[in-house]
Every structure is written in structure tokens, then in C-alpha cells.
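Enquirer: Listed here are the chains, written in short residue letters.
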Amino acid sequence: MSRAEADEKIVAQEESGRTVGESLLVARAPGSGWVATARDIGLSFGLLLAVWWVVASLTSPLFLPSPPRVAEAFVRLTQDGSLATALWVTLIPLFTGLIAACLLGALAGLLMGLVPPLDKITGPWVYVFWSTPIVSILPIIILLFGVGTLAAAAFVFLSSVFPVIMNARSGAQQTDKGMIEVARSLGARRREILLHVVLPSSVPPILSGFRIAVGRAVVSVIVAQLFISAEGIGYMIRFYSDTLQLDLYFAPLLLTVAIGVLLNGLADIGERRLVRWELHDG
Amino acid sequence: MSQARGVAIKFQNIHKVYSTSGSEQPLHVLDDIALDIPAGTFCCLVGPSGCGKTTLLRLAGGLIASSRGSALLDGAEVTGPPRGASMVFQDSGLFPWMTVRDNVEAGIKMREHRRLTPTERAFSQEQIVKVGLAGFENFYPVQLSGGMKQRVGLARALARGPQVMLMDEPFGALDAQTRALMQEELQQLWTREKITVLFVTHDLDEAAYLADTVVLMSRNPGRIKSVINVDVERPRVIGDPRLAEIRRAAWESLREELQGVGEPA
Ligand SMILES: Nc1ncnc2c1ncn2[C@@H]1O[C@H](COP(=O)(O)OP(=O)(O)OP(=O)(O)O)[C@@H](O)[C@H]1O
Ligand SMILES: [Mg+2]
Numbered sequence: 000m001s002r003a004e005a006d007e008k009i010v011a012q013e014e015s016g017r018t019v020g021e022s023l024l025v026a027r028a029p030g031s032g033w034v035a036t037a038r039d040i041g042l043s044f045g046l047l048l049a050v051w052w053v054v055a056s057l058t059s060p061l062f063l064p065s066p067p068r069v070a071e072a073f074v075r076l077t078q079d080g081s082l083a084t085a086l087w088v089t090l091i092p093l094f095t096g097l098i099a100a101c102l103l104g105a106l107a108g109l110l111m112g113l114v115p116p117l118d119k120i121t122g123p124w125v126y127v128f129w130s131t132p133i134v135s136i137l138p139i140i141i142l143l144f145g146v147g148t149l150a151a152a153a154f155v156f157l158s159s160v161f162p163v164i165m166n167a168r169s170g171a172q173q174t175d176k177g178m179i180e181v182a183r184s185l186g187a188r189r190r191e192i193l194l195h196v197v198l199p200s201s202v203p204p205i206l207s208g209f210r211i212a213v214g215r216a217v218v219s220v221i222v223a224q225l226f227i228s229a230e231g232i233g234y235m236i237r238f239y240s241d242t243l244q245l246d247l248y249f250a251p252l253l254l255t256v257a258i259g260v261l262l263n264g265l266a267d268i269g270e271r272r273l274v275r276w277e278l279h280d281g
Numbered sequence: 000m001s002q003a004r005g006v007a008i009k010f011q012n013i014h015k016v017y018s019t020s021g022s023e024q025p026l027h028v029l030d031d032i033a034l035d036i037p038a039g040t041f042c043c044l045v046g047p048s049g050c051g052k053t054t055l056l057r058l059a060g061g062l063i064a065s066s067r068g069s070a071l072l073d074g075a076e077v078t079g080p081p082r083g084a085s086m087v088f089q090d091s092g093l094f095p096w097m098t099v100r101d102n103v104e105a106g107i108k109m110r111e112h113r114r115l116t117p118t119e120r121a122f123s124q125e126q127i128v129k130v131g132l133a134g135f136e137n138f139y140p141v142q143l144s145g146g147m148k149q150r151v152g153l154a155r156a157l158a159r160g161p162q163v164m165l166m167d168e169p170f171g172a173l174d175a176q177t178r179a180l181m182q183e184e185l186q187q188l189w190t191r192e193k194i195t196v197l198f199v200t201h202d203l204d205e206a207a208y209l210a211d212t213v214v215l216m217s218r219n220p221g222r223i224k225s226v227i228n229v230d231v232e233r234p235r236v237i238g239d240p241r242l243a244e245i246r247r248a249a250w251e252s253l254r255e256e257l258q259g260v261g262e263p264a
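As given, the protein sequences belong to chains U and S, one line each in that order. Heads up: the first sequence begins at 0 in numbering that gives the first Met the number 0, then just goes up one per residue. Heads up: the second sequence begins at 0 in numbering that gives the first Met the number 0, then just goes up one per residue.
Hints in this document: simulated from the structure, not taken from any laboratory. A few of these clues could be false.
[Said to hold, decoys possible] Beta-carbon label-pair distances, calculated as ranges:
{"hint": "1", "chain 1": "U", "residue 1": "260", "chain 2": "S", "residue 2": "136", "range": "30 to 40 Å"}
{"hint": "2", "chain 1": "S", "residue 1": "74", "chain 2": "U", "residue 2": "123", "range": "51 to 61 Å"}
{"hint": "3", "chain 1": "U", "residue 1": "103", "chain 2": "S", "residue 2": "19", "range": "32 to 42 Å"}
{"hint": "4", "chain 1": "U", "residue 1": "123", "chain 2": "S", "residue 2": "136", "range": "46 to 56 Å"}
{"hint": "5", "chain 1": "S", "residue 1": "177", "chain 2": "U", "residue 2": "131", "range": "26 to 36 Å"}
Owing to the predicted nature of the structure, the values given are computational and were not obtained by experimental measurement. We put the CB at the ideal spot given by N, CA and C, even for glycine.
Let the hints inform the model, and build the full structure from the sequences given.
Expert: See below:
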């Protein structure tokens, strides 16, 4: 390890307030997988926390409350149960909308990719919808579904279904012609080509569609609650920011981030499990 | 299977015209190809790029239809991928989402449209062992080298118990050493199995080493130019002067076809 690297390492250790075995700049040691990953993540967040703390101590607490104050607020909101209620009220539309978007989106996309006449008609719709700033349809959603859980779920669905459709569609369309020819040479029938060639080769693009959908779903459930609901995490965020209680405002905000990180992590793991044949070379 | 059965692959005055889209003229790729490949022999097809070798192979494999004339496998006209034929592709043609074992078993599964019987599964496993990939059954293609992938492709072809193997430059993408090794192994394998092989290659040494007959093609349109018999007993050795003589004769015949294209191999 060079002198500069060693210095970096010490700085990193001091800022994160942790003892670490390796520098940030050195690639993760092989063989220590789980522990090393957890340590790296801890280090990374530790650093972020440190920066936050420093900035908070330099500015007015009116703009940026320090980490301990936010932690305190977090505990308070947890103890009085309001955070749990809000979380629950948020997760229901998030998951119903997201799961529906993934399932229906994949199905619709595959169908479009496999049936050209259908694609000719519905393809342009998808482009139009995907290009529409999804927030702008909130008023219509309120008119159709009111301001409750259903409206939020519908909004989540609409904002996350199109990336799934697009990816499933192009996955089915872009199936390697060579692979189809190989299957034909082996004697495969249409159904087998679909099941053993088109479908598996569409899995990776569909999964990346899911990834995009997860991100959009988290954003849109919060947006829906910010604008239309009188409950949920989004509503909490709006309420505490309107009333300038920024320590209380940060608590649900951080919870949102945590949900996003968790869901993305799950999507990551799912992708790795399902597409072993692509990622196995690492 | 090894006794003489007459002609295994027969091309009866085949013409193939690709109707290109738009204003371009239709492309006359194969012109009156007539060729008999006796059962149990090894035939190498050599010719300049674009002369229609792959097209001829795909015709025999039932993947495309001829414009005129027909291909016969064991006396039966080819109308779709024949049960008794196995194709081997230059890029190995493995399904990336299947393990080695699944890829090999797919050769039977997709033909029979059902799960494999225990006997068939054991036979597939035998082929994996035969091509030297025992222990790699659960590997995915990305985890294999080019040579290993070609072995899997070969195992898949063999697992179908084919009468005829149609191989399109199977070793074309391999490095020289691996290719030499694969050629040796293919020769041994073929000597044991006595399958009829139609083998496309750009490599004249490879053709001379492997073939009973080397068929040379010319292009625009693709025609059979000459046929050279290789009467050298097996096992053959790379570097045998008789093979070098065959190579020279083949090169003489091809040379004029290749004006401005450069020597193949
Ligand atoms: N599906 C197709 N549609 C139109 N033209 C085609 C098609 N397939 C091949 N051709 C044309 O037919 C000619 C012969 O192609 P083919 O692939 O059989 O040649 P080849 O002898 O295998 O060449 P190479 O040695 O480069 O592999 C080429 O000019 C090619 O462009
Ligand atoms: Mg070719």
C-alpha cells in the first residue's frame, strides 16, 4: 500500500469513527464476502453521516437538523405509533401497485413482443404513456379513484408498469435469431421455442424493467401521498415540512430512503438468483 | 449403423435463390448443386466466403427450403429438421441459460417433445464424458472456454444418436492449438461412431486431415467446382506429406476463385 493510500485510509477511519481493515480504495478482499460487504456499506454510510453532521453543525438547525435530533424524532414517532401506521398505509399501495405492474407489465410486454399485429396497435400507446410526465395524470386518478389507498396504488401502477412493458417487449422481440434457429434444428415446436428460448432470454431485460419499476414505485407512492392523501409517509413528510418541524420531517424521509434501498437490494438479489447464467462469470 | 447403406446425404440439382427485399436483384446463391455423400463418410465442403456453404448445410438441415431440387437424407426428402440429423454451429449454438447437461439433453428433449427417459439421460451423460467434460455438467456456457463450448455442442449433437452430422465451421473460432486438438479428437470420435459428416471449413489443412472427400465450391453463383478424394488411412497424422499434397491440389483449384480475396485459413 502506497503512502497516499495509507493516508486516505486513516482519514476514512477517522471520519467514519470505525476501525476498518482496508482502505476504501482497495478492492474488497476475496473470500470474506458477507462481512466485507457489510463493512463496506457501513463505512460508506458512516461517511455520509459524518458529512451530514458536519454540515448540520455549520448551518442553522432550522434548515438541517443534526443526526441526533433526527434520531430522537425517529424514536418519538416510532413510540407514538404514527410512523408504523404511516409505513403500513404506504406499503400497501406500494406493493399492490408494484406487484400488479410487474406481473401485468411482463405479460403485456411479452404478448406485444410476440404478436406483431398487437404490437402495431398498442406500441404507440406505450410510447405515449411512457413519455407523459406521470404526475400530470394525478388529477385524473383523483377523479377516478378518490384520495385513498386505491388512488395511490393506481398511481404506483401507472408510473411503474411502462418500463416493465417496454423491457419485456423488446426482450421478446430481440431474442437471438441464432438461438431460435438452433432450437428449430433440434426439432423444437413453436411452444417449446417460446418456453425454452424466448422466455428465458427475456428474463434479464424483464428484471431490469422491474428494477426501474421499483424505483418509480417508491417515488410515486410518496408523491401520491404528498399530493392527495391525508395519511401515509408522504403525508407525514408534507405535514412536518409545512409546519417547519424539520427533525420530524427527516424521520419519514429517511424511512422512505430505507424502503427504496431495501427494495433495490432485494431486486439485486433476485436478479442474481434468477440470472445465474449471466453473472456466474464473476 | 456402420455397414454400408449407400448414400446418406443426396443433393438433387439444388438451386437456391434469395429474394432480397426492395429493388435489388434476387440473389442466386446455389446453382444446380448435385452431390452424393456415401453413408459413413466424412465430407468437407470448402469454398470462398459467400459461395453458399452455410446455405447448403441449412438446406440439408431442413432449416430453409430450396428454390428448386431437393435434399435427401437416407433417401427421404428433407422438408423440416430431420430426426436423424444433428447440426453443430460455429458459435457452438449453446443456450446460455442452460447448464451443460441441460444443453446436451435439449438435443433429445426438443426432438421428442417430452422429458428424457433414464436411458436417454444416461446416454446424454455418456456423450458429456466422451467429449471430456465430465465434472462440468452444471456449468453454464459463460463459464466455459471456446473449445469446451464446442465440445458441448458436439455432445449435444451426439446425444441425438444421429446418422448425419452437419457441421458449420465448428472449429473456426478456436485458436490454432485448440483447433488441432479438436480435429484429432473429432477424427477419433468419427472413426469409432462412423457417422456421416458434412463439414464446412475454410481451413484446407483441416479439410485434408478430416475428409474422405473434399468438395470445392466456386461462387456467384455457388457451384461445385471439383471433388478430391483423400485416400489416406486413419488414424492420420497432422503433417503427413500425402495430406500436404491434397492441400496443394485443393489450393490450386481454389486459387482462381479467390482473386482479390486472399488465401483462406
Ligand atoms: N437469409 C438470407 N437472405 C438473403 N441472402 C442471404 C441469406 N443468407 C445468406 N445470404 C447470402 O447468400 C450468400 C451465401 O451465404 P452463405 O452464408 O451460405 O455463404 P458461406 O459460403 O457460408 O460463406 P462463409 O464462408 O462466409 O460462411 C451470401 O452472399 C449471403 O449474403
Ligand atoms: Mg457460412
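Enquirer: Does each hint fit the structure? Answer for all of them.
Expert: Structure-based check of all given hints:
Roughly 38 Å separates the CB atoms of residue 260 of chain U and residue 136 of chain S, a value that falls within the hinted 30 to 40 Å. Judged by the Cβ atoms, the range 51 to 61 Å given for residue 74 of chain S and residue 123 of chain U holds: they are separated by roughly 53 Å. Between residue 103 of chain U and residue 19 of chain S the beta carbon distance is about 41 Å. The supplied range of 32 to 42 Å therefore holds. Between residue 123 of chain U and residue 136 of chain S, the C-beta spacing of about 47 Å keeps the proposed range 46 to 56 Å intact.
The supplied range of 26 to 36 Å is broken by residue 177 of chain S and residue 131 of chain U, whose beta-carbon atoms lie about 54 Å from each other.
Hint compliance for this structure: hint 5 is the single one not met.
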